[in-house]
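Protein chains in written order, with the numbering used here: chain A, 4 to 124; chain B, 19 to 125.
Just so you know, these hints were derived from the structure itself, not from any lab.
All values reported here derive from a predicted model rather than from experimental measurement.
All C-beta atoms, glycine included, are put in the ideal place defined by N, C-alpha and C.
Accuracy of the hints is not assured; some may be wrong.
Said to hold, decoys possible - Example chain B residues on the side facing chain A (calculated, C-beta under 8 Å, incomplete):
#1 TYR50
#2 ALA52
#3 PRO62
#4 TYR67
#5 SER70
#6 TYR105
#7 TYR112
#8 PRO113
#9 ARG114
#10 PHE116
#11 GLY119
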Amino acid sequence: EEELVESGGGLVKPGGSLRISCAASGFTFSTYRMDWVRQAPGKGLEWISSISFSSSFIYYADSVKGRFTVSRDNAENSLHLQMNAVRAEDTAVYYCARDGAVDGARALNIWGQGTLVTVSS
Amino acid sequence: DIQLTQSPSFLSASVGDRVTITCRASQGSCSYVAWYQQKPGKAPKLLIYGVSTLQSAVPSRFSGSGSGTEFTLTINSLQPEDIATYYCQQLDIYPRTFGQGTKVDIK
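Let the hints inform the model, and build the full structure from the sequences given.
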């Protein structure tokens, strides 16, 4: 079964750092672009980052550019999001998602269950 | 950036009704528009990609259409299990923006 499982969420103080991860299984992780999407409590979905299969092409939303860094380890089938200088407005459930473009379906066709990041003093 | 505006933000309909949600893009001509369904406490689920292609295992009462800057998601014969919030997303250019969501309820 194709699956994504996030981990690493928790409580972090404003200005602090946190690294969240996403473990992929059931598919050839190294061939897919991967995205991060977040959802603040009671709010809509916000796309925040995308990384190509080879890590050669990386994109960020303006809201996180310069503070968050996406990376991947294809040998370990894992995706990471390093979050620095976090703010209260970064409080959200963070989802990793697979871009199915390589299969002809450019859309986020597999999602993890999400990991909650809370920024508070 | 391409802004996506969904309408309505909320709708209430009866079981069996046909429901239509609209997604308008602020600029450009989008080809890669997707629709997602999200139930409370759950991750989003892909329904439609490429404007009108139904994702595998999604019921055929869901359909997508549109072109250019205006797109629609239609649910033919609304079912109780369709209670959810629906989001459109454009994947043509970065940032890959989402619409603000449409919450669907049953009367």
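To see whether the hints hold, each was checked on the structure:
{"no.": "1", "hint": "TYR50", "result": "holds (5 Å)"}
{"no.": "2", "hint": "ALA52", "result": "holds (4 Å)"}
{"no.": "3", "hint": "PRO62", "result": "holds (6 Å)"}
{"no.": "4", "hint": "TYR67", "result": "holds (4 Å)"}
{"no.": "5", "hint": "SER70", "result": "violated (12 Å)"}
{"no.": "6", "hint": "TYR105", "result": "holds (5 Å)"}
{"no.": "7", "hint": "TYR112", "result": "holds (4 Å)"}
{"no.": "8", "hint": "PRO113", "result": "holds (5 Å)"}
{"no.": "9", "hint": "ARG114", "result": "holds (4 Å)"}
{"no.": "10", "hint": "PHE116", "result": "holds (4 Å)"}
{"no.": "11", "hint": "GLY119", "result": "holds (4 Å)"}
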